[in-house]
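Colleague: No gaps in the numbering here: position 228 of the sequence shown is 232 in this note's numbering, and each next residue is one more.
Be a bit skeptical, because a hint or two may be false.
Stated by the list, open to error - Distance windows between CB atoms, simulated:
(1) LYS124 - ALA7: 21 to 31 angstroms
(2) VAL223 - ALA45: 34 to 44 angstroms
(3) ARG271 - GLN230: 20 to 30 angstroms
(4) ALA42 - GLY282: 25 to 35 angstroms
(5) ALA208 - VAL155: 16 to 26 angstroms
(6) ASP285 - ALA7: 45 to 55 angstroms
(7) GLU304 - ALA39: 31 to 41 angstroms
(8) GLN286 - THR214: 25 to 35 angstroms
(9) ALA45 - GLU302: 44 to 54 angstroms
(10) GLU10 - GLY282: 41 to 51 angstroms
(11) ALA110 - LEU44: 30 to 40 angstroms
Read the hints as simulated data drawn from the structure, not as lab findings. All C-beta atoms in this analysis are idealised placements derived from N, C-alpha and C, irrespective of residue type, glycine included.
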Amino acid sequence: MSAQTEIREAGRLWAIRVQDPAFDDWDGYTAWLEADPAHLAAYEAALDDSDWGAALLASAPVEVAAEPQARRWWLPAGAAAAAAIAAVGGWSVIDRDAPAQQIATAPGEQRMIDLADGSKLALNGATRVILDPDTPRHVVLEQGEARFDVVHDASDPFVVMAGGTRLVDAGTVFNVVQDGDALQVAVSEGAVIYAPGPDEVRLAPGDTLTRDAKGAKPVVGKASTQAIGSWASGALHYDNASLGQVARDLSRSLGKPVRPAPGTEARTLGGGTLMLGGSPDQVLARAGPLLGVRFVAEGEGWTMSPADGPPR
Numbered sequence: 005m006s007a008q009t010e011i012r013e014a015g016r017l018w019a020i021r022v023q024d025p026a027f028d029d030w031d032g033y034t035a036w037l038e039a040d041p042a043h044l045a046a047y048e049a050a051l052d053d054s055d056w057g058a059a060l061l062a063s064a065p066v067e068v069a070a071e072p073q074a075r076r077w078w079l080p081a082g083a084a085a086a087a088a089i090a091a092v093g094g095w096s097v098i099d100r101d102a103p104a105q106q107i108a109t110a111p112g113e114q115r116m117i118d119l120a121d122g123s124k125l126a127l128n129g130a131t132r133v134i135l136d137p138d139t140p141r142h143v144v145l146e147q148g149e150a151r152f153d154v155v156h157d158a159s160d161p162f163v164v165m166a167g168g169t170r171l172v173d174a175g176t177v178f179n180v181v182q183d184g185d186a187l188q189v190a191v192s193e194g195a196v197i198y199a200p201g202p203d204e205v206r207l208a209p210g211d212t213l214t215r216d217a218k219g220a221k222p223v224v225g226k227a228s229t230q231a232i233g234s235w236a237s238g239a240l241h242y243d244n245a246s247l248g249q250v251a252r253d254l255s256r257s258l259g260k261p262v263r264p265a266p267g268t269e270a271r272t273l274g275g276g277t278l279m280l281g282g283s284p285d286q287v288l289a290r291a292g293p294l295l296g297v298r299f300v301a302e303g304e305g306w307t308m309s310p311a312d313g314p315p316r
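Build out the structure end to end from the sequences listed, making use of the hints.
Modeller: Here's what the structure looks like:
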């Protein structure tokens with residue numbers, strides 16, 4: 005994808021976002037506009053497009069929901085009927101002729117999406133992405149967790165924008181978590197190039213990359229390829245995971261907050277495979293003896309701490 009095409013697509017994505025009544029990233033929007041004079045031109049061109057911009061500005065965005073607490077699609081009101089989104093069960097298919105779309109999952113919800121190029125995208129709970137069928141191999145992860153199963157095409161690399169960073173596919177299955185300014189990338193198959201350029205980092209199967217904040221130095225580690233993105237298959241695989249990591253994973257998958265007890269976030273827990281089926285109480289009942297932890301109900305969620313005795 006050329007730099008000019010990237011700027012044009014970014015302008016369209018910003019045009020979509022700022023029409024959302026809940027939009028509050030004005031500092032980010034302003035910073036993007038000021039970074040390059042071409043950005044304002046791309047934004048205005050998106051609004052001036054007779055077929056796309058008119059529909060976008062016709063009215064405020066509306067939410068189209070198939071059922072309560074299920075998939076949510078934010079589309080320009082004038083373009084909602086033209087989006088041609090086919091959904092069956094937990095799977096959604098994005099039509100090439102649809103406009104750019106913001107897709108979000110509710111807390112605790114998982115959604116699977118078939119992209120036009122044959123790639124597959126799995127969204128975990130409380131996740132938001134932007135997809136444009138005109139550029140099906142370019143996805144923006146705005147927040148949350150997503151697993152990408154990419155059909156490799158060396159002539160047209162698959163790009164994920166997350167936390168202001170480009171992640172380029174090199175034929176792969178990989179998992180990305182964006183939590184505020186923090187970013188985590190883990191590769192199950194193939195390879196991913198983090199921030200292509202002079203300081204790029206190439207991640208192979210089993211490699212992980214963690215960046216605590218924008219501008220922070222990324223830290224590369226290792227993980228079991230079986231564990232990477234396993235939530236999309238209804239299970240969480242652990243091997244000496246920290247209590248903080250498990251708490252974050254459970255919070256996304258259950259849709260309710262699980263917090264580590266104060267001072268225990270870095271504590272290493274036991275390993276095993278935790279199945280996510282059933283109610284949150286049933287999942288936590290299995291997690292306790294498996295990982296050697298105990299859960300105490302607190303408000304709408306739970307506090308998790310190491311159990312007495314060695315983990316099992």
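Colleague: If a hint holds in the structure, say so; if it does not, say that too.
Modeller: Okay, the hints, checked on the actual structure:
For the pair LYS124 and ALA7, the beta carbons lie near 28 angstroms from each other, so the given range of 21 to 31 angstroms is met. At about 38 angstroms, the beta-carbon gap between VAL223 and ALA45 stays in the expected band of 34 to 44 angstroms. Our hint of 20 to 30 angstroms for ARG271 and GLN230 holds, since their Cβ atoms are close to 23 angstroms apart. At about 52 angstroms, the CB distance of ALA42 to GLY282 disagrees with the hint of 25 to 35 angstroms.
At about 19 angstroms, the CB distance of ALA208 to VAL155 agrees with the hint of 16 to 26 angstroms. In this structure the supplied range 45 to 55 angstroms holds for ASP285 paired with ALA7, their Cβ-Cβ distance being about 51 angstroms. A C-beta distance of roughly 40 angstroms is found between GLU304 and ALA39, which places it inside the suggested range of 31 to 41 angstroms. Judged by the Cβ atoms, the range 25 to 35 angstroms given for GLN286 and THR214 holds: they are separated by roughly 31 angstroms.
Between ALA45 and GLU302, the C-beta spacing of about 51 angstroms keeps the proposed range 44 to 54 angstroms intact. In this structure the hint that GLU10 and GLY282 lie 41 to 51 angstroms apart at CB holds, the actual value being about 43 angstroms. The given range of 30 to 40 angstroms is respected by ALA110 and LEU44, whose C-beta atoms sit roughly 35 angstroms from each other.
Going through the hint list in order, the structure does not satisfy hint 4, though it satisfies all others.
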